[in-house]
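Colleague: Chains as they are written, first to last, in full-length UniProt numbering: chain X, 1 to 354; chain W, 1 to 354; chain R, 1 to 354; chain A, 1 to 354.
These are computed hints drawn from the structure, not numbers from a lab.
For identical chains, the list gives no copy identity; a pair is met inside one copy or between any two copies.
Here are the simulated SDA-like pairs of lysine to any residue, each with C-alpha atoms no more than 25 Å apart in a straight line:
{"hint": "1", "residue 1": "353", "residue 2": "146"}
{"hint": "2", "residue 1": "353", "residue 2": "217"}
{"hint": "3", "residue 1": "167", "residue 2": "147"}
{"hint": "4", "residue 1": "313", "residue 2": "201"}
{"hint": "5", "residue 1": "99", "residue 2": "36"}
{"hint": "6", "residue 1": "353", "residue 2": "35"}
{"hint": "7", "residue 1": "167", "residue 2": "211"}
{"hint": "8", "residue 1": "313", "residue 2": "216"}
{"hint": "9", "residue 1": "113", "residue 2": "143"}
{"hint": "10", "residue 1": "60", "residue 2": "47"}
{"hint": "11", "residue 1": "256", "residue 2": "273"}
{"hint": "12", "residue 1": "161", "residue 2": "274"}
{"hint": "13", "residue 1": "353", "residue 2": "147"}
There are 4 protein chains.
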Amino acid sequence: MAGNTFGQLFKLTSFGESHGRAIGGVLDGCPAGIQLNLEQIQVELDRRKPGQSAIVTQRKEPDTVEFYSGIFEGKTTGTPIGFAIHNTNQKSKDYSHIKDSYRPSHADYVYDKKYGFRDYRGGGRSSARETASRVVAGAIAKQFLNGIQINAFVSQVGEMKLEKGYKELDFSKIETNPVRCPDTDMAEKMEAYIKSIKKEGDTIGGVITCVLQNVPIGLGEPVFDKLHAALGAAMLSINAVKGFEYGSGFDGVKMKGSQHNDAFDTDGSTKTNLSGGVQGGISNGMDIYFNVAFKPVATVLQAYETINKEGEKVTTQGKGRHDPCVVPRAVPIVEAMAALVLADFTLLARTNKI
Amino acid sequence: MAGNTFGQLFKLTSFGESHGRAIGGVLDGCPAGIQLNLEQIQVELDRRKPGQSAIVTQRKEPDTVEFYSGIFEGKTTGTPIGFAIHNTNQKSKDYSHIKDSYRPSHADYVYDKKYGFRDYRGGGRSSARETASRVVAGAIAKQFLNGIQINAFVSQVGEMKLEKGYKELDFSKIETNPVRCPDTDMAEKMEAYIKSIKKEGDTIGGVITCVLQNVPIGLGEPVFDKLHAALGAAMLSINAVKGFEYGSGFDGVKMKGSQHNDAFDTDGSTKTNLSGGVQGGISNGMDIYFNVAFKPVATVLQAYETINKEGEKVTTQGKGRHDPCVVPRAVPIVEAMAALVLADFTLLARTNKI
Amino acid sequence: MAGNTFGQLFKLTSFGESHGRAIGGVLDGCPAGIQLNLEQIQVELDRRKPGQSAIVTQRKEPDTVEFYSGIFEGKTTGTPIGFAIHNTNQKSKDYSHIKDSYRPSHADYVYDKKYGFRDYRGGGRSSARETASRVVAGAIAKQFLNGIQINAFVSQVGEMKLEKGYKELDFSKIETNPVRCPDTDMAEKMEAYIKSIKKEGDTIGGVITCVLQNVPIGLGEPVFDKLHAALGAAMLSINAVKGFEYGSGFDGVKMKGSQHNDAFDTDGSTKTNLSGGVQGGISNGMDIYFNVAFKPVATVLQAYETINKEGEKVTTQGKGRHDPCVVPRAVPIVEAMAALVLADFTLLARTNKI
Amino acid sequence: MAGNTFGQLFKLTSFGESHGRAIGGVLDGCPAGIQLNLEQIQVELDRRKPGQSAIVTQRKEPDTVEFYSGIFEGKTTGTPIGFAIHNTNQKSKDYSHIKDSYRPSHADYVYDKKYGFRDYRGGGRSSARETASRVVAGAIAKQFLNGIQINAFVSQVGEMKLEKGYKELDFSKIETNPVRCPDTDMAEKMEAYIKSIKKEGDTIGGVITCVLQNVPIGLGEPVFDKLHAALGAAMLSINAVKGFEYGSGFDGVKMKGSQHNDAFDTDGSTKTNLSGGVQGGISNGMDIYFNVAFKPVATVLQAYETINKEGEKVTTQGKGRHDPCVVPRAVPIVEAMAALVLADFTLLARTNKI
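Sequences are here, hints too, so could you generate the full structure?
Modeller: Written as structure tokens, this is what we have:
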């Protein structure tokens with residue numbers, strides 16, 4: 001309970017506030033015998049880290065992960081993997097202005113109400129900094145899931161929407177631009193747009209599309225732990241996410257059954273894939289694809305009016321080094337959460353039959 | 001694990017196949033001392049049951065719930081509430097044609113692959129019949145949550161979309177028409193449209209909107225068990241659901257932060273509510289509202305080509321008594337799942353502070 | 001939570017009060033494909049049922065189990081197995097005298113304090129009648145665990161203690177006498193002693209020894225879910241149990257390490273087995289054996305003084321049809337709980353390695 | 001699952017091997033607002049640490065805990081408390097002799113079989129070093145449970161058994177001698193005996209008694225999560241524990257019901273307390289007391305014969321700095337686990353009633 005553990009068998013328990021000593025976690029249930037590429041874990045963290053390009057926050061956080069346990073002679077041992085990322089660039093003074101007032105559309109107010117007080121340095125636990133722990137665990141999950149391809153990318157920024165289906169895209173282009181959009185032309189436009197938003201001191205929302213390929217048939221535990229329900233919960237647990245759809249999604253509601261049904265080929269695959277790779281909550285071997293909607297970051301570098309603890313009106317100036325658009329840095333987080341879900345259901349599926 | 005338990009403290013474990021002897025469940029963790037209105041539980045079941053109007057399946061299932069335990073002298077005792085709904089109208093012969101072939105966009109194929117064989121009578125466990133158990137438990141949750149208003153309604157059928165916001169609607173109209181759309185004009189059009197779809201032997205998708213009012217501040221357990229993540233998982237676990245969005249949802253991605261932020265009033269409420277009543281995964285006291293997308297029902301009363309277990313092509317005729325559009329009957333299911341989530345987080349929130 | 005679910009992957013959720021309509025449960029996570037012998041499940045229930053001999057309670061309860069789901073064409077389907085045992089012989093009047101007063105060393109008082117009121121008919125949920133559901137689930141677990149031998153027997157009644165080690169006993173004799181002690185001479189003495197205790201209207205405690213053989217190496221999940229810790233919790237959850245020891249147990253504390261260590265043979269087995277088949281919480285392939293201590297049944301057919309709800313002294317006469325000694329009927333319950341633990345850890349162990 | 005999380009609401013997830021970089025854990029679910037005395041946490045750790053007296057292992061491990069999160073301005077924040085204890089005295093060479101052979105009655109063999117290989121430095125994860133994390137979390141639990149007294153002490157070493165009941169003892173004497181036995185005379189004899197055992201290079205078992213006082217009525221969640229079942233599981237999860245009994249325990253089996261029943265006083269307390277403070281799995285307000293049996297430490301400083309990975313016989317000399325008797329250092333561990341159980345059930349009990 002208590003909300004800081006994800007997964008049932010492949011389980012991440014995470015800890016840490018944005019401006020505490022360290023963030024980190026414990027990954028329990030990771031099977032023994034995975035030959036880990038530790039450099040690759042750091043590569044994933046670097047995809048998420050601040051300061052990586054001109055369109056993300058310019059905070060300097062090296063985000064170096066230290067492993068404390070569960071790995072021996074380069075392999076997972078089956079015992080819990082404890083890890084920490086020390087916070088090195090805490091600059092608490094940047095946040096002193098939020099100690100006594102509540103930033104709109106942030107969690108300051110609800111934390112105070114729920115817990116009686118809060119760690120007011122940065123977002124504390126509500127900061128997206130916490131997601132770095134997810135990326136570490138997800139990177140290990142990816143190595144466990146070898147054979148499965150997990151690719152996320154930015155498919156929309158504000159009104160700019162990539163209309164091509166994922167099959168028309170070259171995933172190898174995702175990391176070639178700071179937006180992480182595999183369509184290079186669109187990526188350039190998005191980048192320019194984000195820069196202009198940043199110049200205004202404003203922020204903008206976006207959508208990440210994620211595609212899971214070569215997923216074996218049979219993952220997902222009906223009736224409540226359907227594969228897509230777990231993916232949805234995983235994505236909705238990421239900061240700033242407002243929506244999740246898979247397969248035909250919200251557009252599918254407009255269709256008739258006779259149009260929407262995916263006819264079988266003789267090998268058990270389907271000719272179309274409006275279902276999005278999941279039937280009845282169980283993977284069917286087809287590509288799983290889904291969209292994740294991110295709202296615009298709440299911190300805008302503009303003056304705004306709000307209230308303080310006493311309920312009095314105060315005027316504040318947004319400051320700090322924030323992302324004008326969260327989706328480029330959220331791509332590895334979406335992938336990490338997808339990997340955690342798949343790893344968990346891979347283990348669960350081992351128990352389905354005698 | 002194993003997927004048939006929902007909730008952490010207010011926990012429903014459900015069982016049952018569409019054509020077995022009974023479906024039912026155990027509700028464990030329900031606090032002692034709730035004066036139960038058993039008639040009201042049956043009312044909720046009747047909102048979900050087949051045969052209630054001309055636009056839903058004409059199967060005859062009385063869906064009478066029997067309680068076995070956990071209730072004494074009209075009140076919950078704090079011990080598990082066991083209940084069953086006996087299947088009285090099993091008509092197995094209706095389904096004999098699906099024993100050896102796989103219906104497109106149904107779960108037949110994946111159940112066979114996952115478990116090695118399947119109960120081929122009706123959908124077995126993958127049938128939406130299972131959701132009756134959810135409605136029973138949700139009806140108890142509603143009685144526990146007295147003071148909170150939970151209202152779901154149909155806001156879209158196919159392309160027909162209710163453009164009014166929920167504040168312009170009169171929830172008392174929801175039950176006055178078979179579609180369960182509170183806008184009477186729109187309801188009539190939707191009803192006519194569903195009838196025409198039915199006449200074609202086809203089906204159509206739809207959207208249910210749900211509004212939770214008077215929710216206390218502080219429900220939700222960051223970082224993984226955010227309130228909206230749990231709501232999302234709950235909704236995505238309902239048969240035929242393809243998407244979930246709350247607050248500004250997918251439309252919110254097009255907005256700038258300066259437009260999207262909800263400014264505070266001095267009482268802690270917010271002037272706008274694009275956030276949808278949840279900040280950082282915790283309820284903030286404002287209305288929680290969300291949309292749930294349902295695909296068109298997969299069973300169409302038309303001839304179709306598919307494969308059998310041996311991977312050979314076969315041609316089959318869809319038959320049986322199915323819903324042309326699932327959303328009218330899914331309204332009480334959406335409400336039930338929302339109630340289960342709120343009940344669970346209400347109990348969890350009791351542990352947040354000393 | 002809420003205490004009515006046992007197991008992590010092979011999970012029993014139980015419900016029911018002694019004098020409600022039915023008791024029963026849901027077994028979730030049972031792998032698909034087990035060819036079930038339903039008669040054998042009833043045989044196990046009959047080993048536990050009242051009225052089976054002169055030394056147990058003479059209540060008449062047929063304890064017939066009905067299965068509602070999860071079984072198709074004789075095999076488990078991988079979906080939850082719902083079942084119920086209807087209460088047919090409720091004789092509530094027998095218990096009317098306990099409505100307003102608290103029986104000593106029963107749970108009446110604490111249920112009232114914990115939940116605000118209680119189902120005062122019989123023990124309600126605190127009655128050992130609940131264990132019938134465990135026997136049903138355990139009987140299924142046994143069929144899943146084919147190849148593992150689970151044998152429990154009575155090794156002590158009051159001061160009468162079987163001094164022979166389990167290896168000197170013939171387990172096939174256990175069911176040949178009403179005490180369920182495999183040493184026929186001792187069984188006769190115990191039987192006579194229990195009859196004399198019964199005649200006094202009194203009760204007596206006892207010990208059950210359980211031996212698990214052919215358990216594969218590797219069951220148990222350190223550090224908290226050690227195999228023996230789970231067995232201990234399982235046994236201590238049975239009504240009237242006051243103690244658990246395995247291997248050398250409480251006697252082992254008197255030994256030196258040089259005496260207690262179990263030397264290896266070249267095949268990995270050990271020459272002695274003071275460890276009791278578990279090292280570091282993990283089965284080592286040797287026999288697992290443990291003792292479970294049961295207190296004397298609290299209901300004595302004698303006059304006693306106690307208090308009522310108002311805290312006033314009252315004098316009452318114990319009545320009803322109770323067991324003079326609980327251990328003969330508890331033998332199948334101990335076996336059932338052991339089977340549930342082994343089934344659960346068998347599934348968990350499938351996830352240890354890549 | 002996976003065994004490294006303890007508790008349902010007040011949850012410790014622990015990590016770490018004896019000779020890895022660090023051990024530690026995450027305590028999730030600890031309520032916000034506890035004013036923490038960090039020095040007191042270190043005091044508890046120091047009670048457990050090596051080198052504290054002549055009768056325990058002479059290893060030098062400072063065991064200094066560092067907190068990474070969940071504490072702000074001296075109080076718990078309601079967010080997860082991450083912590084680590086760095087291993088400073090790893091001396092891996094001490095253990096090189098066990099890389100390829102299996103120590104009798106240690107977990108070396110079963111770890112290799114279960115996980116395919118093992119961290120052979122010291123006991124790795126199976127080392128009792130892991131329990132330091134439990135002591136940290138338990139010390140926090142104790143501060144949450146203020147008002148409840150938790151006292152454990154050594155009541156038996158080898159054949160030397162303290163015959164006095166706990167009410168005749170002065171708990172303030174527990175920490176006045178290295179054995180942690182509150183009877184000073186007995187403590188001296190035990191100390192001398194342990195020293196003689198140590199001189200032989202041998203080890204000896206013992207018993208710890210624990211008494212919980214001022215526990216509120218109502219803790220414990222029947223039917224499976226009975227308070228004493230959780231205490232039993234907690235104790236049995238500690239390294240070297242072979243048995244658990246509470247209240248009358250194994251001696252209670254010899255009694256008649258008429259002797260064993262605890263008669264009520266008019267205030268709801270009982271005149272005797274053979275029940276040990278728990279009825280039907282729920283605390284009844286009386287003292288809870290239980291015994292925990294520890295086997296002799298397996299590492300003896302003597303030559304012994306064993307097998308290597310290839311199943312060949314090898315002769316080895318036990319070495320290293322080990323405890324001749326584990327119970328003195330295990331006293332704070334028993335208290336910590338009891339505190340974790342009580343904290344967990346305290347939170348659970350908040351959900352029992354409307």
